[in-house]
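Asker: In case you want the letters, here they are:
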Amino acid sequence: MSRHDNPSPLLGRRDVLRIGGFTVATATVISACGEHERGEVGRVGAVPTTIRLPDARTTNVALLRTASSLERSIINVYSQVIGNSDLLDPKYDDMATRFMQDHAGHAELFDQLTTDAGGTAWTCGNPKIDDVIINPIMKRITVGAEATAGAAAIEPSEDPHRDVLNFLHGLESLAGATYQSLVALFSDPTPRAEAMTVGARAARHAALLALTINPDRPGGLVNFADAVNAEPGSPPTTVAPPTTLQNIANQATGGSAVPTPTPTPTAQTEIPTVTAIPSQFGGLGAIQLVVGRGDENGTRLKINLETPSLNSFVFEYMTPSC
Amino acid sequence: MSISKGFFVDNDVTEPAPADNANLRRRLLGIGLGGAAVSLLPSLIGRANATTTTTATSATTAVTTTTAPPKRPSDDDVTLLGFAQSVELAARDLYDVALGSDDFDDNERAVLATIRESHDAYVAALSALLGRQAPQVANAVVEDLTASFGGDGPSVLQAAYQLESVAVATHIDILRELQGTDGASLIASILIVEARHGTVLAHLNGATALDDLLVNTEAGALTPAEG
Chain A
1 MSRHDNPSPL LGRRDVLRIG GFTVATATVI SACGEHERGE VGRVGAVPTT
51 IRLPDARTTN VALLRTASSL ERSIINVYSQ VIGNSDLLDP KYDDMATRFM
101 QDHAGHAELF DQLTTDAGGT AWTCGNPKID DVIINPIMKR ITVGAEATAG
151 AAAIEPSEDP HRDVLNFLHG LESLAGATYQ SLVALFSDPT PRAEAMTVGA
201 RAARHAALLA LTINPDRPGG LVNFADAVNA EPGSPPTTVA PPTTLQNIAN
251 QATGGSAVPT PTPTPTAQTE IPTVTAIPSQ FGGLGAIQLV VGRGDENGTR
301 LKINLETPSL NSFVFEYMTP SC
Chain B
323 MSISKGFFVD NDVTEPAPAD NANLRRRLLG IGLGGAAVSL LPSLIGRANA
373 TTTTTATSAT TAVTTTTAPP KRPSDDDVTL LGFAQSVELA ARDLYDVALG
423 SDDFDDNERA VLATIRESHD AYVAALSALL GRQAPQVANA VVEDLTASFG
473 GDGPSVLQAA YQLESVAVAT HIDILRELQG TDGASLIASI LIVEARHGTV
523 LAHLNGATAL DDLLVNTEAG ALTPAEG
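Keeping their order, the protein sequence lines are chains A and B. Be aware that the first sequence starts at 1, since it is given in our numbering, and climbs by one per residue. Be aware that the second sequence starts at 323, since it is given in our numbering, and climbs by one per residue.
Don't take each hint at face value.
Have a look at the derived ranges for each label pair, beta carbon to beta carbon [as the list claims (entries may be wrong)]:
| # | chain 1 | residue 1 | chain 2 | residue 2 | range |
| --- | --- | --- | --- | --- | --- |
| 1 | B | GLY528 | A | VAL132 | 37 to 45 Å |
| 2 | B | THR401 | A | PRO48 | 53 to 61 Å |
| 3 | B | GLY528 | A | SER85 | 23 to 31 Å |
Residues of chain A clear of chain B, computed beta-carbon distances all greater than 12 Å [as the list claims (entries may be wrong)]:
| # | residue |
| --- | --- |
| 4 | PRO156 |
| 5 | ARG217 |
| 6 | ASP226 |
Output of the computed footprint for chain A on chain B, the stretches with three or more beta carbons under 8 Å from beta carbons of chain A [claimed, not checked]:
| # | segment |
| --- | --- |
| 7 | 389 to 395 |
| 8 | 429 to 442 |
| 9 | 521 to 532 |
It is worth saying that the hints were derived from the structure and are not from the lab. Glycine included, C-beta positions come from ideal geometry on N, C-alpha and C.
If we strip away everything but chain B, and leave its shape as in the complex, we get (with noise of 0.2 Å):
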């Protein structure tokens, strides 16, 4: 046997035999894929329930799920604020005519001159929080109750507890429109003060009865209308 007979032989072997590995190549592919998409069944259909309940899931959540409420003053909460920035300035001037009387002695001017810069902190609250949207305006109530801040020191006192009194129940009315929580947010943090301011004014009055001292019956608020 020739090397050269060998070569042939060989070629004649070897001939063929790249078909057979191709067909082997191609069907071992082929079988690859094939066991690769058995695989893969049980994970699509998985997947496919999967998403089939996500969605469900998500409906659900879509009916329970409250819609936030706005942070910033809506329009209707801008003329709100700017009442609520009014009766502030309101309270701040009559506080003023009570602290130009001399018939209080040092305790009570000083709860009188705190309760004072209390109204004014709330009229610069309300100012950053409107900006030239703020009305800067005192309340027309200014002139009903600025003989009542001018009298003797018990009548001041009185005629401050209401004030107080109704300084809370129209922020309290005000609160029931606010769609905003920013200006909600404010005009709670103003009330529950001003809440206190008429407990210790009816303490620094005399008053010794709960009723009176907790405010049981509160006065009737401020509206803009009235304003």
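Chain A on its own, in the form it takes in the complex (with noise of 0.2 Å):
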């Protein structure tokens, strides 16, 4: 008998594992070269499901809710300050109070703004700027800082005064340059330009301001360098230094920009001069801020006060929560 009368059965064990292990291993590698949902990363067994976040999406609706949140976290600085006379010299306190109204009126136009434009009035103050800049800054005026491991603890600032004009002035400031980007963004020419009436109304508060804050001549009123420019044959008699100390609240001296008596062993930080037209076209750069006694090493609390951004705009998808 030969080996023809006895054939090998047509799929042995060897050849059933071959073709098992071989249809497994491949449908392996064409399951992983295989389409996955697309932006989301392969995953192996069973895991919770992630959430994604919210679309952040800067609509003329996001740009006016920050609007309103603006002006509430300026009010909320107003209201903090006013009648309480540590903080601000009762003789300002008629001009602040028209100053907070002035804002009250300008949050109830943003937020008739975006109602109209079909969005949901924002009603709160700004949770980025009122985390990073107003919370820090009145801290520091008014309580100081804590001792760390590093750093020896802070008193609140010698001059609360000072620091709390110098703040309205840095906030009219920012509200102004705020409304000016604005501008650019808005997609539809109206919102820019109720934008930029409230925007000018900030920018005579700031100029005010300065003119309380800065009682030198021409230096409170027009940035020196441009003031020299325009006459360069004759230029003005009194001179304001570009970086002062200023004691507004010495009125033997009018409260003027003088050099450092420098009681203290230790210099501190110098606050720089605010003027009435600081530039000729209107910047959006950052504006400086200098508050609160200084540090053992007299530094004092220096903020970049900047125009608010993506990480600061109020977008549709977020709740106030005040």
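Two independent chains are provided; combine them into the complex using the hints.
Answerer: Set out below in structure tokens:
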């Protein structure tokens, strides 16, 4: 009997194992190379489903809500200092109250524009600006800073009146710059014009505060360099140095900017002077604010006030929590 | 058993083998392809589903996304920005008239000269934006206000205060119509400083009321038709 009489079976155990292994391996490779949901990493095993972050779109509504939030953050600062003679000289209460009323009207205007644009009005302050700018500055002025492992505690400001006025000036300047910056972001001309109507008022607030803070003339009126460039042949007789320590609480000197008497052994960080007309064009750069008492090295708190951007816009998915 | 017999036997045995091996290979390939097809099926179904989802998302996006405004000035913008330049030219010329007077102290002169330079810079900036389409002609308001700017110090300061308010109101009206963001941004950067001019001029002129210092009542805007 030849071997033809007893042919091997078509598929032996080894063949079945080979086929099975080949099929599994092929399926694994093809599955691995297969299309997953776009933008998601393939996963193995059972894991909880991740929650997608909401879309943060810079729409007109988001910008208008941001404007509302900025107005309310500024109102919150005015409400803390008006009537508090430790923070604001009572002779400025009327002016500050007027400014706060203006901001309340602006907030209502932006609320209405938000609603008209189909959005939900934002009725709180700006969370980011409150956390990063307003609260730290107010704390540094009124409380100081706690001691840390590497630094001694810092006492409250030695001149809260000066710091509060400078802070208000910075906020008003920030508001004007913010509305100027929003002009390029709005997709529609109408909110641009409304924003700049408010921006013009904020700029006038800032100018009036600068005239109050800096009694130098013409230094408190116009930028010194601009004044010299305008009339090179006859420079102003009263010249404010570009950076001085302001001592507006010192009525004996008329609150003028004077060199530091330096009764303390450590020189304190100089506080930038302010000017009613600081430049020919409205600027969008950071506004540097220096407040509070200096630390053991004399370094005061420096904060750059910057116009709201993607990290401080009040997007449509956000809900107020005040 | 001779070798040749064995050879033949082997031939006999191995002769049909290629046919079996060929069948086996075909079957193996068939099974492999079948397995591959089965394994691809869920993936293909998933892709079909994913395609549907993506389409739906895109449709939603298309509904909510707003059209980005143009950057460069449109034809209508050019007319409006040219008008703005004519107003700035008029302001510069009027301050030139004011600075011809000796009725100002050093501070007042410094402020007026600085504001004059600012208006000149606005003219230049608008020229840069418009190029050859810039009109380079002063608005007719110059003729109306020249007498006011040639008076005594307080009246000049008052006239300048009014002029700055007119400029702010005019630029805000222009902003309501501008489509291009380049022009709108420039106008915004101009008017926010002109707003400050008014407060400083009021202060220089001795104003103490907040309504005056804050220019509570903005002057009427100039319009291209009037110009």
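Asker: Please go over all the hints and tell whether each is borne out by the structure.
Answerer: Hints, one by one, checked against the model:
Take GLY528(B) and VAL132(A): their Cβ atoms lie about 41 Å apart, and the range 37 to 45 Å holds. Checked against the given bound of 53 to 61 Å, the beta carbons of THR401(B) and PRO48(A), roughly 60 Å apart, stay inside it. For GLY528(B) and SER85(A), the Cβ-Cβ distance of about 28 Å falls inside the hinted range of 23 to 31 Å, so the restraint holds. No beta-carbon of chain B is positioned within 12 Å of the beta-carbon of PRO156(A); the least distance is around 30 Å.
Taking the minimum C-beta to C-beta distance to chain B, about 5 Å, the non-interface status of ARG217(A) is violated against the 12 Å cut. Interface exclusion of ASP226(A) from chain B breaks down, the closest Cβ pair being 5 Å apart, not more than 12 Å. With 3 residues having a Cβ less than 8 Å from any Cβ of chain A, the segment 389 to 395 of chain B passes the three-residue criterion, so the hint holds. Counting residues of the segment 429 to 442 of chain B whose CB lies closer than 8 Å to any CB of chain A gives 10, which reaches the minimum of 3, so the coverage claim holds.
As drawn, the segment 521 to 532 of chain B meets chain A at 5 residues by the rule of a beta-carbon pair under 8 Å; at three or more, the given contact holds.
Checked against the numbered hints above, the structure violates hints 5 and 6; every other hint is satisfied.
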